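Chains D and Y, in that order, give the protein sequences. Using this note's numbering, you'd call the opening residue of the first sequence number 1 and step up by one each time. Using this note's numbering, you'd call the opening residue of the second sequence number 114 and step up by one each time.
If you're looking for bench data, these hints aren't it; they were derived computationally from the structure. What you are looking at is a predicted structure, and each value in this text was computed from that prediction instead of being measured. There may be inaccurate statements among the hints.
[As the list claims (entries may be wrong)] Calculated pairs, DSSO-like style, for lysine-lysine (alpha carbon to alpha carbon, straight line, at most 30 Å):
| no. | chain 1 | residue 1 | chain 2 | residue 2 |
| --- | --- | --- | --- | --- |
| 1 | D | 105 | Y | 122 |
| 2 | Y | 122 | D | 37 |
| 3 | Y | 127 | D | 42 |
| 4 | D | 71 | Y | 170 |
| 5 | D | 105 | Y | 127 |
| 6 | Y | 157 | D | 100 |
| 7 | Y | 157 | D | 71 |
| 8 | D | 100 | Y | 170 |
| 9 | D | 22 | Y | 170 |
| 10 | Y | 170 | D | 105 |
| 11 | Y | 157 | D | 105 |
| 12 | D | 22 | Y | 157 |
| 13 | D | 37 | Y | 157 |
| 14 | D | 68 | Y | 157 |
| 15 | D | 100 | Y | 122 |
| 16 | Y | 122 | D | 42 |
| 17 | D | 42 | Y | 157 |
[Stated by the list, open to error] Here are the simulated distance ranges between beta carbons:
| no. | chain 1 | residue 1 | chain 2 | residue 2 | range |
| --- | --- | --- | --- | --- | --- |
| 18 | D | 46 | Y | 174 | 18 to 28 Å |
| 19 | Y | 130 | D | 70 | 47 to 57 Å |
| 20 | D | 67 | Y | 183 | 35 to 45 Å |
| 21 | D | 56 | Y | 129 | 44 to 54 Å |
| 22 | D | 113 | Y | 178 | 45 to 55 Å |
| 23 | D | 40 | Y | 172 | 17 to 27 Å |
| 24 | D | 15 | Y | 172 | 31 to 41 Å |
| 25 | Y | 183 | D | 72 | 39 to 49 Å |
[Unchecked claim] If the Cβ cut is set under 8 Å, some of the chain Y residues that face chain D in the computed set are:
| no. | residue |
| --- | --- |
| 26 | 155 |
| 27 | 156 |
| 28 | 161 |
| 29 | 203 |
| 30 | 209 |
| 31 | 215 |
| 32 | 216 |
| 33 | 217 |
| 34 | 220 |
| 35 | 221 |
| 36 | 222 |
No residue lacks a Cβ here, since even glycine has one placed at the ideal position from N, Cα and C.
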Amino acid sequence: GENVEQHPSTLSVQEGDSAVIKCTYSDSASNYFPWYKQELGKRPQLIIDIRSNVGEKKDQRIAVTLNKTAKHFSLHITETQPEDSAVYFCAASLSGANSKLTFGKGITLSVRP
Amino acid sequence: NAGVTQTPKFRILKIGQSMTLQCAQDMNHNYMYWYRQDPGMGLKLIYYSVGAGITDKGEVPNGYNVSRSTTEDFPLRLELAAPSQTSVYFCASSYSGTSGRETQYFGPGTRLLVL
Numbered sequence: 001g002e003n004v005e006q007h008p009s010t011l012s013v014q015e016g017d018s019a020v021i022k023c024t025y026s027d028s029a030s031n032y033f034p035w036y037k038q039e040l041g042k043r044p045q046l047i048i049d050i051r052s053n054v055g056e057k058k059d060q061r062i063a064v065t066l067n068k069t070a071k072h073f074s075l076h077i078t079e080t081q082p083e084d085s086a087v088y089f090c091a092a093s094l095s096g097a098n099s100k101l102t103f104g105k106g107i108t109l110s111v112r113p
Numbered sequence: 114n115a116g117v118t119q120t121p122k123f124r125i126l127k128i129g130q131s132m133t134l135q136c137a138q139d140m141n142h143n144y145m146y147w148y149r150q151d152p153g154m155g156l157k158l159i160y161y162s163v164g165a166g167i168t169d170k171g172e173v174p175n176g177y178n179v180s181r182s183t184t185e186d187f188p189l190r191l192e193l194a195a196p197s198q199t200s201v202y203f204c205a206s207s208y209s210g211t212s213g214r215e216t217q218y219f220g221p222g223t224r225l226l227v228l
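If we strip away everything but chain D, and leave its shape as in the complex, we get (with noise of 0.2 Å):
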């Protein structure tokens, strides 16, 4: 089955600056990638996704990144702020009938003032 892995599990950032949390996945046949977020007792809340037939994808502060070849995905946080704090978790799946979604564990992004 599908794996997936997000490394670092925790990353700092001052406000203001560009925050980059990658991804890899285990299957090539994969081809929808979502994030979400995370606030400290909420329910996760996609805030982007990408599919396959795309590089990338931007939705104001935030883009997202894939490289088929290597099998990744990023997500770009620019001119981060406070409220970015979260867990941001990435996830793959294979689209389609019966598709699952495979979560990484998450990374807790910490956004000082």
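Chain Y: place on chain D using the hints.
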């Protein structure tokens, strides 16, 4: 729309007791999922359903059972609760069709403590 709702929010069980975690969605999603989240361990899939009357095991199904009699509801049953089932349980739903939309929407979670 209320989205995905879960009850109860918090529950303490004694070892060997049973309970049902309720989950409902009003988005007419065909897929529903149950995850457990242990500290620092991400989300593990327990069971999922692709439609009413159809369920399948996920990564960690032992000690749990599910049913899906309607599109809206997907209860998770714990039989003979064990301390290892202490966790936060999230229900999620998504629509998977020809458009390929697979965004999963999560409920607020149920925190379960087994003593």
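**Request:** With a cut-off of 30 Å on the C-alpha distance, tell me whether residue 157 of chain Y and residue 71 of chain D pass.
**Result:** holds (21 Å)
**Asked** Against chain D, with CB atoms and a cut of 8 Å, does the hint on residue 221 of chain Y hold up?
**Response** holds (5 Å)
**Asked** Has the hinted range 31 to 41 Å been met by the Cβ atoms of residue 15 of chain D and residue 172 of chain Y?
**Response** With Cβ atoms ~37 Å apart, the hint holds.
**Asked** Quick one, is the residue 156 of chain Y hint okay against chain D at 8 Å, beta carbons?
**Response** holds (4 Å)
**Request:** Go ahead and decide if the range 44 to 54 Å is satisfied by the Cβ distance of residue 56 of chain D to residue 129 of chain Y.
**Result:** Between residue 56 of chain D and residue 129 of chain Y, where Cβ atoms are some 52 Å apart, the hint holds.
**Request:** Decide if the proposed pair is consistent with the structure: residue 68 of chain D and residue 157 of chain Y, CA atoms, cutoff 30 Å inclusive.
**Result:** Roughly 24 Å between the alpha carbons, so the hint for residue 68 of chain D and residue 157 of chain Y holds.
**Item:** Pairwise hint evaluation, residue 37 of chain D against residue 122 of chain Y, where the allowed Cα distance is 30 Å at most
**Value:** holds (20 Å)
**Message:** Restraint: residue 155 of chain Y near chain D, CB-CB cut 8 Å. Satisfied or not?
**Reply:** holds (4 Å)
**Message:** Need the status of pair residue 127 of chain Y, residue 42 of chain D: alpha-carbon distance at most 30 Å?
**Reply:** holds (26 Å)
**Request:** Starting from residue 157 of chain Y, check that the Cα of residue 105 of chain D is at most 30 Å away, please.
**Result:** The hint holds at about 9 Å.
**Pair hint outcome, residue 37 of chain D versus residue 157 of chain Y [Cα-Cα no greater than 30 Å]** = holds (16 Å)
**Hint consistency between residue 71 of chain D and residue 170 of chain Y [alpha-carbon to alpha-carbon, up to 30 Å]** = holds (27 Å)
Violation of the numbered hints given earlier is absent; every hint is satisfied by the structure.
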